[in-house]
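Number of protein chains: 2
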Amino acid sequence: MKKHVLLAFLAVWFVGERLAAQEPADYVDPFIGTTNFGTCNPGAVCPNGMMSVVPFNVMGSDDNRYDKDARWWSTPYEYTNSYFTGFSHVNLSGVGCPELGSLLLMPTTGELDVDYHHYGSKYEKESASPGYYTISLTKYDILAEATATPRSGLVRFTFPEGKSNILLNLGEGLTNESGAYMRKVSETEVEGMKVLGTFCYNPQAVFPIYFVMKVNKVPQASGYWKKQRPMVGVEAEWDKDQGKYKLYTKYAKDIAGDDIGAWFAFDTEKGEQIEVAMGVSFVSIANARENLEKEQHGRHFETVREEARKRWNDDLGRILVEGGTEEQKTVFYTGLYHALIHPNLLQDVNGQYPQMEGDKILTSKGNRYTVFSLWDTYRNLHQLMTLVYPERQLDMVRSMVDMYREHGWLPKWELYGRETLTMEGDPSIPVIVDTWMKGLRDFDVDLAYEAMYKSATSPGKENLLRPDNDDYMNLGYVPLREQFDNSVSHALEYYIADYALAAFAEALGKKEDAKMFRERSLGYRHYYSEEYGTFRPILPDGSFYSPFDPSQGANFEPVPGFHEGSAWNYTFYVPHDVKGLARLMGGKKNFVRKLQMVFDKGLYDPANEPDIAYPYLFSYFKGEEWRTQKLVKELLAKHFTTKPDGLPGNEDTGTMSGWAVFSMMGFYPDCPGVPEYTLTLPAFDRVTIKLNPRYYGKEKLVIEVANPKAKGDYIKAIRLGGKKCGYRISHRDLISAGHLSFEKKP
Amino acid sequence: MKKHVLLAFLAVWFVGERLAAQEPADYVDPFIGTTNFGTCNPGAVCPNGMMSVVPFNVMGSDDNRYDKDARWWSTPYEYTNSYFTGFSHVNLSGVGCPELGSLLLMPTTGELDVDYHHYGSKYEKESASPGYYTISLTKYDILAEATATPRSGLVRFTFPEGKSNILLNLGEGLTNESGAYMRKVSETEVEGMKVLGTFCYNPQAVFPIYFVMKVNKVPQASGYWKKQRPMVGVEAEWDKDQGKYKLYTKYAKDIAGDDIGAWFAFDTEKGEQIEVAMGVSFVSIANARENLEKEQHGRHFETVREEARKRWNDDLGRILVEGGTEEQKTVFYTGLYHALIHPNLLQDVNGQYPQMEGDKILTSKGNRYTVFSLWDTYRNLHQLMTLVYPERQLDMVRSMVDMYREHGWLPKWELYGRETLTMEGDPSIPVIVDTWMKGLRDFDVDLAYEAMYKSATSPGKENLLRPDNDDYMNLGYVPLREQFDNSVSHALEYYIADYALAAFAEALGKKEDAKMFRERSLGYRHYYSEEYGTFRPILPDGSFYSPFDPSQGANFEPVPGFHEGSAWNYTFYVPHDVKGLARLMGGKKNFVRKLQMVFDKGLYDPANEPDIAYPYLFSYFKGEEWRTQKLVKELLAKHFTTKPDGLPGNEDTGTMSGWAVFSMMGFYPDCPGVPEYTLTLPAFDRVTIKLNPRYYGKEKLVIEVANPKAKGDYIKAIRLGGKKCGYRISHRDLISAGHLSFEKKP
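Heads up: the protein sequence lines correspond to chains A and B, in order.
For reference, each letter of the first sequence is one residue, going 1 to 746 in full-length UniProt numbering.
For reference, each letter of the second sequence is one residue, going 1 to 746 in full-length UniProt numbering.
Treat the hints loosely; a few may be bogus.
Since the list gives no way to pick out one identical chain from another, each pair is judged satisfied if it fits inside one copy or across any two copies.
[Claimed, not checked] Derived lysine-lysine pairs resembling BS3-like cross-links, with alpha carbons at most 25 Å apart:
| # | residue 1 | residue 2 |
| --- | --- | --- |
| 1 | Lys454 | Lys310 |
| 2 | Lys122 | Lys139 |
| 3 | Lys253 | Lys184 |
| 4 | Lys360 | Lys253 |
| 5 | Lys709 | Lys454 |
| 6 | Lys365 | Lys253 |
Hints are computed from structural coordinates only; laboratory data are not their basis.
Make a model of the complete structure from these sequences and hints.
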């Protein structure tokens, strides 16, 4: 460890490590995606861990460029900000609404001041690697370091000589919910609960987090604080604390309120280190304590940090890339790192977790996952899990089916046991079908089908997932009934889901169902406007919506019929019937011309999900595959870099990175639910994926460029298991062959 | 019960009952002292019970004359107000600072509205008797009734047909502390905690109350509410609840915050009754539940009400009065009722209670009492307890000595385990000494003496009870070091305490101590100003404070040297050396002349403690005793009536009533710590006090007027046990004789 500390002090730690990099974790730069609204953060976290310990720098100072309370804001950390107000415990990465990011832990020195407008600090020497983050607080001369286990955090502060303080702020956080409860357990321990929720301004999506916090040194003094309600008149004169933060110096029993905290005061020697451990649970305080004790066992910071790093190396190491630049490796492994953050563990070490949309405490056999941003992740993230982490994907699918069992509906955007109903569609269907189609079938398939059938066929009024199902079932499309009801976007999602459901029904021998759902899936044709050559909203009377501008809707501008995008971002989103769409457009030529125009005219949005598979659609047409290869390479180079703004936009819980990871490996699952990939030239000379033999019957899958030294960006030939193949291959064939070889055009 | 309900509906219940009155409880009018700043309330309570269920009508409407948040305000109920916002559970009666009065329970009908500015109601048909209160809410046509056990409340609502709601508001209350925590236990039960404290603006005197609340009907729906923190900008646009009360309709786990509540919605039939039971504890939620279950056993409202009434009849019935008017009986029994509210039980049914100024949970063998407003109650309340309820007084003394054991100091103004340090002096000493002198000695006498000696002799800096003890010990008085430091008031209290302590030391054989303390107790002479004939503040250089106005300080006007009173209210307050004070003043004649002048010129304040024994001082001087008899009769008639303003001012937790009760019985303990009484003509023909034979060796004490039919207001002769006696008698002689007879001058 000495070497690391020394390097950190020399402020060359990061660069130094990079040069000596040997392990996958060394290629991860957690600062990528931490600005440009990427909403990633450089905090310490384990793969798919419940806990993350994240530097919180989005409140308390006008010096910050972005303030969580002054605008839309959904991440605890922003790279270009400068005022640190503590570590937040348990956070979301790559989401678009404010949530979690509370249990704020801050060190200070000198007189106790519990107002975050005052106690925050500027910083320097910021550095991060998987499972580790460090920062030097210039105002206090405090070195702060964070690491994590799956369900607990561990923070180490190195203090100067004198009065030092540790503050736990339960009043602030990214979440829009307020209210917390806490009690002192001993001189070195507090426990409590904080209310979280209201994700994406859904007022009922509320849930509690329970915590236990321990410091490893007995403080000189400790207590609470609470922001007092303002008073008027003589009461205001007499109560000197009214409207202010009141320090509780002699009260150590239960405390509760909107804005409370705990303080611990120490006399420290120069360089003295104090560690603060935080265990959390979404079930109970007792489980939070058990999580902390079972996962940390009182181990020291360095040990916990090494364990976290090992977890990352094990997981990232399932894919080995060779060739390519150092920067490409960094983009790749950081992408894989981002793809391994959500969904994350929900159950405690004893297996308990909160029932989906219910008040029961249940016990899970395998891992119970949470944070399913499925409108995003059904497109590629779960396909990546299925291929590289199949045991994990199976637990995710089981979690989804169990949510149906507990709540009566598959998830749409599940968050710690709450259905937030964010975005649209029925995205669990393609995820589960895709998984099943790829041979991962060890879940309750009948119940899964029952769940899918329910949402696909229940009347709209009682249909949580498809509220406009009456129109959809009756008309074959969803008409525009309110100006900004996103009706076309809804229907496009239903088509895709129903196509996957049809295939699933077919495979299960339910021919009638299969026929019905397959027919439904082609209803997209209703929306095609000959006049504009795009999809176009339909009014309740069956006529097209007018006036119509197919390019309206960029940059989150509201637009009738479409959600977060223009008609151009949606018109090619019929991945299950690309050829059919081409026929509708007048044939391949027109299709290719218009799709190319989307890119040429800047109508393509690399940061929003409906169009991210567009570059791969060219490869459905013989002779046009070069466009895929060209565009993917260009998009990777332009939007995925090693800089903090090195993501095209919101990471969407791994979906942006999922695109990059697949694309850099040379294949992409462009049609969710269909077990096929479209191929492009890999960014690396050789990619080795360690397969799980239990599921795939073999140890590895190798993708390589046969002539890596040849210059050229285009594919001449592809061989699967040594035999020539086309630009689209099935998952089964890929696994079966175990070897995919690209020959470049020199 | 039919008869009662019928009478209530005829709105003649109270009058009807009064005419048929046979029991002591029938003579209690809980509305006496509920205006004119008496700060009593008509709520349901058991004798010395922890629980009281009180109509809360001091917030939410401009129609109210007094609002808790708009001015100094210390009572949950004001007779002249008109807007009811629920029943507060656990309240203080007759105090001068806001505290407790939370856990507000309100019934409404129609659409749910949780804003107390809206949901309150005007009312009619208000009625109360010991252990019972009822009100009819005109806005909702709801009849609300309340009763109580010692540690639990029971409220019954009679609803009209339709949508009905029950609200538990944890955000408001009389206390200046905020913050609460709650969780749903079942469809019909919630449990939680509320932070209380900051009594008399002492920011650290904070303590929790735990509760369990049950409704006896399963609601159609239930949930929480919380006032949301205000937001700005787009957040404010997106969060429709910001700054408002948000209803939680789908969240039923832990909730916490400054301003939270629970709602229960019912469909009710016309006349349907729903009962709401509330158990409380100052130890834990589990104990709150046990208190509720052990004391109510699920019994119905009428049964609990009858039990409460029986408790009152048993306690009030320890004194039987005959003769006198119905109004005098009402004043007397209401006074006794008020004297039996505080101190009240602190321990739970399992014996557990919170350590004094500490975090331990301890177990009490006897009853542990709390709410010791000792600067008030040491003057007569504890003497009343000692005589009529000796077993209770002994538990109070044991509680006080245990507080020393737990905390290192005897109490001054103890409130639920916190020393609020309100008012001044060392009032535990006269209370304990007085009790011991009257033969109640079954407590840790050595520890009690140790405790008294500690506060009497510890240096000021480390002396919690006598912060100015350095001056006092060095100089024999306390000089004025700050303009409004109440220095003379402080010292006068120390003199009285030290006199009692001297007698105690003497009795315990500690002659040196006795001498020291007795000498100290005469230090009051320093303050006597020949020039003004009153006590006068002394400056640190030994000179008197100038300019000086002995009448300054009435009506709570701040005045140098004196606390809540003028020099005239304090100058005769040397009850342990009345004769010595008279000598200082130039003899009996001057003393009597000046004391009479205090009354004649309106300088006497019947509502503040330091001068309330003044009327009895005349009886120290032969031939002047008629003045006592005349003044006591006049003061009773003028200040103690059956009207809501029938107390002279703040009840001071039973001290005003203690004065009236003793005075109406014909004797008064004018020197706390000295086991003697001064006699005056009783208001009744015959008073029979049931004595506790265990302590007094006999069953009763009778005070009677030998010639009741004779007209006349003055005493001709007094006989104790048949033998003529003077105007001052000892406690021992009174008990020993068992019979005190007054002969009126016809």
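Each hint, compared with the structure:
1. Lys454 <-> Lys310: Answer is neither: 43 Å inside a copy and 62 Å across each miss the 25 Å cutoff.
2. Lys122 <-> Lys139: For Lys122 and Lys139, only the intra-copy Cα distance (6 Å) is at most 25 Å; the inter-copy one is 57 Å.
3. Lys253 <-> Lys184: both (6 Å within a copy, 21 Å between copies)
4. Lys360 <-> Lys253: Between. Shortest inter-copy distance 10 Å satisfies the 25 Å Cα cut-off; intra-copy 28 Å does not.
5. Lys709 <-> Lys454: Neither. Shortest intra-copy (54 Å) and inter-copy (93 Å) distances fail the 25 Å Cα cut-off.
6. Lys365 <-> Lys253: between (37 Å within a copy, 24 Å between copies)
Violated hints for the displayed structure, listed by number in ascending order: 1, 5.
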